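Going down the list, the protein sequences come from chains A and B. Start counting the first sequence at 1275; every next residue gets the next number (this note's numbering). Start counting the second sequence at -7; every next residue gets the next number (this note's numbering).
Treat each hint with caution, since some may be false.
[To be verified] For each label pair, taking beta carbons as the anchor points, the in silico distance ranges come out as: (1) A:Gly1527 <-> B:Ala167: 53 to 63 Å; (2) A:Ala1435 <-> B:Thr162: 53 to 63 Å; (3) B:Arg275 <-> A:Asp1442: 43 to 53 Å; (4) A:Ile1324 <-> B:Lys283: 47 to 57 Å; (5) B:Thr141 <-> A:Asp1328: 38 to 48 Å; (6) A:Pro1449 <-> B:Ile103: 30 to 40 Å; (7) B:Ala279 <-> A:Ala1435: 52 to 62 Å; (8) A:Asn1318 <-> B:Lys283: 57 to 67 Å; (9) B:Ala167 <-> A:Asp1328: 27 to 37 Å.
Honestly, the hints are just simulated from the structure, not real lab data. Everything numeric in this text was worked out from a predicted model, so none of it was measured. For each residue, glycine too, the CB sits at the ideal point set by N, CA and C.
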Amino acid sequence: MTRLPVTVVGGYLGAGKTTLLNRLLADTQGRRLAVLVNDFGAVNIDAGLIANRDGETISLVNGCVCCSIGDNLGMTLYDLAERPDGPEHIVIEASGVADPARIAAYAGCHPSLGLDAIVVMADATTIRERARDKYVGDVVRQQLAAADLVLLSRTDLIDVAESHRVRDWIMAEVPGARVQDAPAMGRLAQILLVGTKAAEIDPSPGAHDSLFSSWHVGSALPLDGAALRSMLDALPPAVLRAKGIVQLAEAPGRRFVLQLVGRRWSLEPEPHREKLALVSRSEIVVIGLAGQLDPEAMQALFAPVLAACLSPAVEALLRSETRP
Amino acid sequence: MPGPITVFSARKIITMDAAVDEATHVAVRDGIIIEVGDLDDCAAWGPYTLDKRFDDGVLMPGFIESHAHLLEGLLWAKAEYAGPVDRRDPSGRLRKGINNVPDLVRRLKEIEATLEDGARPLVAWGIDPSLNDPIAPITRHDLDKVSSTRPIFLLHASCHIAYVNSATLTLANYAAVTAPGVQRDPSGEPTGELDELAAMMAAIKAVAADLVGGSTDPAQFYNFARVAQARGVTTIVDGGSGTYFEPAFLEAALAATAAEDFPARIVAHHNGITVPTAEAMIRFAAALEGKGNDKLSFQGLKIVLDGSNQGFTGRLRPPGYLASGANGLWNRGPEELRTLVPALHNAGLQIVAHCNADQAAELFIEAVAVAQAARPRFDHRHFIVHGQLLDESLMRRMAALGIHVTLFSNHLYYWGEFHRAHTFGAFRAGAMNPAATALRLGLVAAAHSDTPVSPVDPLLTLWCAANRVTASGRVLGPRERVGVHDALRMMTFNAAWLLHRDHEVGSIRVGKRADFAALAQDPLAIDPMALRDIEVLGTVVGGRVFGARA
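For reference, chain B alone in the conformation it holds in the complex (with noise of 0.2 Å):
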């Protein structure tokens, strides 16, 4: 028996839909919308009961997060936040962010007042020198301020960077670490700064071992959800590196999101990040077959081919790296990828491809056409994410193979001066990230943050997507802004269909799923550049609502 019908009201409803732009009400019944339009037009399945709570809100389709990593979660489960940048932690919490170094000894000093045991390591993450005003490196002296007894561990936003306290160099016996990423002072002593996995290993081990290693905390998963769930997001995907085949890691991760009041969608891709083989791969896929529930599914399978733009790891196609002309890793080979790529083609899978840089995002190319011209296949919707340096020729070559696009387009806010200065240099700056052009050649273009490598939040996503403006105010190369009904769209309709849930989820219309973000604002309503200011009223999940006063 059907249950009862909840109508939302709002100051105005953008459905996202291709035929039917607004509405007013939407009716929801078993967690389905089943009518779009007026009050009367929902009235006609019957009786209902009316939630008026976003009323002089604006209800869009809930946000899609096409790329994020569930280290989120865990991060917040397990260290403190101390970067440069502005973040809502899983409370609703905004931190703000500390970009100077003074700042962050006060800060750091304020949480170890508040650990009682003082063994217990003081460990904290996002921090990021590159974005304080002023640029100085952190060491230990500094750290040294906070505590010279406790063991304080900082993160790198981006991972590969540790700074440390004395305390933790002495009890991880840093004196007798030889890797050449420990950073030493003239006279051979540690600076605190530790470059890279292989320089870090011991001082995690030493305090901050629950910070790797396959943690089964049920909060990680919580707080990834719920950190998104603030800014509007109802989907979000975990990009690929879990370990969803390992039974308990996959109990913990069904027990989490099973949980009534789990306040988003995870889509989680299949790992080929650390399982090594395609044969190994494609079993793994199929045994997650099913296996998910309302709240977490498995979609897409990802796949690393270089490293990071930032890190100048990225691979890039002639010139190289600004002034230095050097070029970053290959994750995997050609030789693996041409052979692995028509692999997992033809096993069906749908292939979700980290090219962060164009040559990377070239050999992708060449190796789903050496899989097409074999074996083709209709709609299999491989998709690149980041393709942060594609250009109309490669998205030519993409749209003619049916490969699509997430972009990384908060890389234009928080380091487009960073790329123009010291990576790829004013024009290749100008031109990352080409959203205008990968929707006009007609490839379903998303854009995503990365988090915790950027914090997620759609409206800021979308914002960098429309305006393109880095952090100090310049606008890199205006051509390739979209306009705010595509941006809403890319982080919606677009997303949802990368992920193969554009039948259930990515815009409002009849028979799909009741995910639904409210704002304070009407996006289409306000300059462009106020988008990421714009608030969030709450989420509503399958019917229930999220983070908003009834």
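The shape of chain A in the complex, shown without the other chains (with noise of 0.2 Å):
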């Protein structure tokens, strides 16, 4: 089995934290999630929902279970790795002023568990003056500094022009710092959660909707590992997510797992499989917002990594099946 993924959702007080979890238990693209968090009282689950409640737990009728942390959450964490009929992925909830990275630890408390991403929410109408407050001035900026990916809540009550200079600031406050908006949160939750599991590659293009794009690559030859590596360092903001499985020359007959979220990737041997699969291509699928993805650029980046394998003449061929 691959790990379970835990996604850790940050962000100061106010910030949105539990607004995006409420979507994200309306709409689980039928996965079974565990949702971690602080206080059930902020949680507002819909009675019609909820199958059992039991003391810290709250089971829903769509098979996922939402947990207060308590004192313990490397507890709470542990025994949920350990239910054999456990969540495929869990979410949690970091308290207002907790520096999501060191919550993030607990994403590796257990042998089968792993960071899939810290995902922060930022009001985009109070994050600058926070930062600036004697008493969690740092914190806040230590909570952007920790995300793989800043959502940007708020943003409707701004003008686009103030809209920029939030971003600005976060990127001068953090190098390198993946900013998105936070629109339609709920379709934005289920994308953070997409091909979580290895399984789950849908290599069919195009978007599922108006609100995101997709571009994919696929390969039946070994990709230049060292190339892959690279360009994962240097993808465009406007990726929020890649997953993939692929084929590295220089680990022949193996195959790797690829998760992306914002800055935050992994490229990890794959588990024992029982059937060997005949044909073993290498597929990669990278989603963004609608419009930014630009097919092109996508295409020039993965280049390099295809090209370094390759003759020309199987490199063209290669390109006709890349899809935008």
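Can you join these two chains into the complex? Each is in its own frame, and there are hints to help.
Laid out in structure tokens, this is it:
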């Protein structure tokens, strides 16, 4: 089995973490989620969704659970990981003053758990003021620095110019930060969870809706690992999520699982499979906000990854099947 | 019908009472002091039995440990002590500190040889390589010399670090654990050091599960009280992380403390640490009202604002930690505190606030100011726990708002050099735990050990407050040294006052409970540097003698 993915949602008090979690629980795309929160009171779960309530755990009719973290996040996570009928994805709500990087350390507390991403919500209307507060300024800046992806909330309350100023300020505070508006939080939440199971890679192109678009690349030949790694570091901020199963020239006969959220990515050997696929291809799907993911730019970025190990003829063939 | 009268005689009785300083005899009936004076004064109450066992000693009001954690009792019950600091175990035996790795390995081998079941893990606590000489890391290779097959788990004194051997790493499948706190050597192999709970979790679950998760073992209560009793404590605080609101835990606590031979009184703070909301805290506190017994009571609600200074997680005002300028962690943030503190204040609760560094204290003071402005309360006795970097300005605001303090004076000795070199620098290390200024400004100040963080030993704690000497002999901030009488008062009457128990304990006065500490020497007549070496002859709790021969 692959690691059970853990997403940490951080951000200061009032930044929109709970809204994000509520949207997530309302439409889980058929996945069994476990959502760990500090306080049930803040999560407004539709009574019709609740199947059972047992102390620190609320079970939902859609198979999800919502757990109160209580005093021991490690214990709560560990016990979830041990459950035979456990969740397929765990989302932790970090407290408003927590350093999400510290919370994310818990995603590695059990041998079968793995950190998927740290997503930090920031209220576009207050974030800069918060960052100057004598008590929490450093905490807010630390939260932004820990983020693989920063989601700006309440951008609908400010004009475009101000929204850009906020974004520029974050980029100056945290060089290399990935910042996105959170206009339709529910959809965004689902995108963050897409493809966390390796088996789910769907090479079908195009947008599932008007908000997001995806881009796909496939190859029958092994990829250049070094080129792939440096390319992953250089992806444009428009890329929200990428997933893939790839073969690398450096390790013949093995397949690797690629996961990317914002600026965090991992490339890990695929766990042993019972049946070896007869035809083993490399497939990568990249997801971003609609209108921001430029297929030509993506193709250019991926070219060295493919080209390094291919003859021009095969390359040409391959390009022909690389769909924007 | 009143019970029989016992008169205790002593070379000297130091009463700590505001009006009457000294006596030689104290008469006790039904656990209550009925006379303090000489033998004739006591005889005026009628027939008595004279108990002369402390005839050569000095009687004081029993010491009050104003901040400690029941966890120490559990550690003695479930694990072996192997730290660098001398500690007395619940049987009264002195466990000499082990302060280098070869001696640690030797000691663990001795323990290992006594364990019969080959699969049973060897769990030890109190480890702190920063106090070792030389300072050297502890690795799995060291611990593999003890055993390559039996799992070994050593818990750091801070409880934030563990050291394990290869058997534990294998058993808990650390090859697959990705937590960043799992320290690795250049080849990627775990070194055996696990930093922070996230990294320790798999090992705890595999080999030390009984150290977490609300044990109801009655031994923890007895051990906790007994270790303190051996150093003259008659009342000890359990500092607020307990789950007394859970019926099974409360039942275990009540049963243990109700025993005739239970050796000290426990005052437990209500849990505002692991309980999330003000509403739940208030509800749990109300449910425990009147639930105690003679030796277990509930007082004050403990909240935690920041972390620990030696762990670089206390919240400092600028310029932050030495050299790095970094700051620590908030446990609860400003917005939450500005509503939580008034809610608890308005509910009539006494707030006990863990504020290790000065910014945490500043925020708590601000929150109490908000509460007091909206709804003034007199004599609420909210107090700060630790308050290690309080300064005159903060303490004047505290005095104005009625906030008091128990200081972590033991830090001066154990971590004074560490703070000077690594956390605060010279000035702030010299200004740490400012007991003299606190008393001068009229704060009711006590001092504490925070056991298991440092050993519970009021004579050591008051020695720290009086001398401010580090482990290497440097005096930190001589102006903040307090006189011995003041130091004794911090560990008796002042602590009782903070716990709303000064009408019952904290001084030897007619009408109060007969809780005494019997000392072999007169603390007011010796060199203050010798205070910590004073032998404790025994204690008296409610008229019953503990730890001393008849």
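Results for each hint:
no. : hint                               : verdict
1   : A:Gly1527 <-> B:Ala167: 53 to 63 Å : violated, 22 Å
2   : A:Ala1435 <-> B:Thr162: 53 to 63 Å : holds, 59 Å
3   : B:Arg275 <-> A:Asp1442: 43 to 53 Å : holds, 47 Å
4   : A:Ile1324 <-> B:Lys283: 47 to 57 Å : violated, 33 Å
5   : B:Thr141 <-> A:Asp1328: 38 to 48 Å : holds, 40 Å
6   : A:Pro1449 <-> B:Ile103: 30 to 40 Å : violated, 52 Å
7   : B:Ala279 <-> A:Ala1435: 52 to 62 Å : holds, 55 Å
8   : A:Asn1318 <-> B:Lys283: 57 to 67 Å : violated, 34 Å
9   : B:Ala167 <-> A:Asp1328: 27 to 37 Å : holds, 34 Å
In terms of the numbered hints stated before, the structure departs from hints 1, 4, 6 and 8, listed from lowest to highest.
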